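Trainee: In order, the protein sequences belong to chains A and B.
Going by the working numbering, the first sequence opens with residue 4, and the numbers climb by one from there.
Going by the working numbering, the second sequence opens with residue 24, and the numbers climb by one from there.
These are calculated hints, taken from the structure and not from any lab test.
Since the structure is predicted, the reported quantities are computational estimates derived from the model, not experimental observations.
A few of these clues could be false.
Here are some of the chain B residues that sit facing chain A, going by a computed Cβ distance under 7 angstroms [stated by the list, open to error]:
(1) 37
(2) 41
(3) 144
(4) 146
(5) 149
(6) 151
(7) 152
(8) 164
(9) 186
(10) 190
For each residue, glycine too, the CB sits at the ideal point set by N, CA and C.
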Amino acid sequence: MSHQGFCKRIIPCLDVDSNGRTVKGVKFQGLRDIGDPIEMAIAYEAQGADELVFLDISASHEGRKTLVDLVKRISHDLRIPFTVGGGISSLDQVLALLEAGTDKVSINSAAVRNPQLIADIASHCGRQCCVLAIDAKRADQLVDGRASWDVLVKGGREKTGLDALNWAKHAVSLGAGEILLTSFDRDGTGDGFDNALNRQLADALPVPIIASGGASGPESFLHAFQDGHADAALAATIFHDGHWHIEDLKQVLLDEGIPLRV
Amino acid sequence: MLVEVLHYGGGNVGSLLRALERCEIPYILLKGTIDGTFPTGKHPVILPGVGAFGAIMQGLEARGFLEPLTQVVTVEKVPFLGVCVGLQVLFESSEESPNVAGLGFLKGTVRHFPTDFEGSKVPQIGWNYIHAQQENAPEGFVYYVNSYFADPADANVVLYASEYQGTRFCGAVKHENISAFQFHPEKSGAFGHDLLRHWFDALPVEVLK
Numbered sequence: 004m005s006h007q008g009f010c011k012r013i014i015p016c017l018d019v020d021s022n023g024r025t026v027k028g029v030k031f032q033g034l035r036d037i038g039d040p041i042e043m044a045i046a047y048e049a050q051g052a053d054e055l056v057f058l059d060i061s062a063s064h065e066g067r068k069t070l071v072d073l074v075k076r077i078s079h080d081l082r083i084p085f086t087v088g089g090g091i092s093s094l095d096q097v098l099a100l101l102e103a104g105t106d107k108v109s110i111n112s113a114a115v116r117n118p119q120l121i122a123d124i125a126s127h128c129g130r131q132c133c134v135l136a137i138d139a140k141r142a143d144q145l146v147d148g149r150a151s152w153d154v155l156v157k158g159g160r161e162k163t164g165l166d167a168l169n170w171a172k173h174a175v176s177l178g179a180g181e182i183l184l185t186s187f188d189r190d191g192t193g194d195g196f197d198n199a200l201n202r203q204l205a206d207a208l209p210v211p212i213i214a215s216g217g218a219s220g221p222e223s224f225l226h227a228f229q230d231g232h233a234d235a236a237l238a239a240t241i242f243h244d245g246h247w248h249i250e251d252l253k254q255v256l257l258d259e260g261i262p263l264r265v
Numbered sequence: 024m025l026v027e028v029l030h031y032g033g034g035n036v037g038s039l040l041r042a043l044e045r046c047e048i049p050y051i052l053l054k055g056t057i058d059g060t061f062p063t064g065k066h067p068v069i070l071p072g073v074g075a076f077g078a079i080m081q082g083l084e085a086r087g088f089l090e091p092l093t094q095v096v097t098v099e100k101v102p103f104l105g106v107c108v109g110l111q112v113l114f115e116s117s118e119e120s121p122n123v124a125g126l127g128f129l130k131g132t133v134r135h136f137p138t139d140f141e142g143s144k145v146p147q148i149g150w151n152y153i154h155a156q157q158e159n160a161p162e163g164f165v166y167y168v169n170s171y172f173a174d175p176a177d178a179n180v181v182l183y184a185s186e187y188q189g190t191r192f193c194g195a196v197k198h199e200n201i202s203a204f205q206f207h208p209e210k211s212g213a214f215g216h217d218l219l220r221h222w223f224d225a226l227p228v229e230v231l232k
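Can you make the complete structure from the sequences, with help from the hints?
Mentor: Here you go:
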């Protein structure tokens, strides 16, 4: 039985380096080149990806120019929406990326340093363009009597002192249109998404939550939607390594009653 | 054989233009008073929708498009395609910009999705199904980004209906020479591109001479 209504989303994520190549972190060995981002993007669209996210992991000056060129080429060929993030720190950078053809930008550390950036993006480009990325790590202490997660920046190296839920609420009030929520504890583990985290934000916020970090097989996605109440789920390795073809993954989830586009 | 795309400033129409190129639909960009190019009545017209209802109406007025657009669409009956807010401005008014009059080519108003219940998420962002309300309209999934939807006075103009959080809403209209999509065909994969191409291929031959 196929679904005929509003859908949850499956989103592959591609890390892109300063040479404009898709790369993958390998433990203790640095980064490995795994392909051309445009070829991979087209292949994921054909597999049934609902959106794509490209993260510039170099976030360097020369990488920035490569990224804008890459975005132009992606928007020429790709027929589904995509988001670009990684080191974005100014409205000018956002405008250049949107002009080049991205549909949304994701901001992280710069929004923590300067929350006004969220409001500036929302007022110039619309809140639907403005995705706030949060890297969250489970905290020992409670906040307002509930479980809490610390917001980390600089790839998890630095604590901000912010509570993830409170930060997300503030960001949404400023104009964030979606939250890309990555569990620092689960990222790269394959242990499943942190659904206590996902549910806490998904139930409290009037914008979509994209669950990220910890994806493994279909059951991890099932739990992200059913227990985590996520609106979308993002993964990289399981798709890049070919462990799961998106079409097959979606069919399994659809059979479990998750509303998806197939 | 080409289409005229109105560029009224403010937003980025690049995504839609790329889609027209992928569909092999030739187009020219009209910039109104900026470069003296206006709808001619010789070609179909596309109105992309970027920005708020009020901002688009202001942009159309500032670029000198209001009068020629009204003439070619309502008098000369040239084929017209609106996309996203380009659908909404066809109507008379919108809750988004209460003091701004729309084009009024179709009777009705534009309303905000209800938010007065727990768990409400607005805007709608993502893929949804379009249910055909007229004949010869293929069904499938399309990508929406919208907080507002059109509420036509005449239900017969609705080409597609979708449902979001319990609200059934107008996903597309088709009435005589006027067509419009609330969703983004340019972001809706192969199916969205088929819909654009289908609109183009179904144009009456005489207007393309």
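Trainee: Give a verdict on every hint.
Mentor: Status of each hint after checking the structure:
1. The criterion of a C-beta within 7 angstroms of any C-beta in chain A is met by residue 37 (chain B), whose closest approach is roughly 6 angstroms, and the hint holds.
2. Interface hint at residue 41 (chain B): satisfied, since its Cβ lies 6 angstroms from the closest Cβ of chain A, which is below the 7 angstroms cut-off.
3. Given the 7 angstroms rule on beta carbons, the hint for residue 144 (chain B) holds: about 6 angstroms separates it from the nearest Cβ of chain A.
4. For the restraint placing residue 146 (chain B) at the interface with chain A, the shortest Cβ-Cβ distance is roughly 6 angstroms, inside the 7 angstroms limit, so the hint holds.
5. Checking residue 149 (chain B) against chain A by beta carbon gives a least distance of about 6 angstroms; that is within 7 angstroms, so the hint holds.
6. Here the hint on residue 151 (chain B) is kept, as its CB sits about 5 angstroms from the closest CB of chain A, short of 7 angstroms.
7. Evaluation of the residue 152 (chain B) hint against chain A yields a held restraint, the C-beta minimum of about 4 angstroms falling below 7 angstroms.
8. At a threshold of 7 angstroms, the smallest CB-CB gap from residue 164 (chain B) to chain A is about 4 angstroms, leaving the interface hint in force.
9. Taken as an interface hint, residue 186 (chain B) checks out: its beta carbon lies about 6 angstroms from the nearest beta carbon of chain A, inside 7 angstroms.
10. Against a cut-off of 7 angstroms between C-beta atoms, the interface hint on residue 190 (chain B) is violated, since the closest Cβ of chain A lies about 11 angstroms away.
Comparing the model with each numbered hint stated earlier shows that hint 10 is the single one that does not hold.
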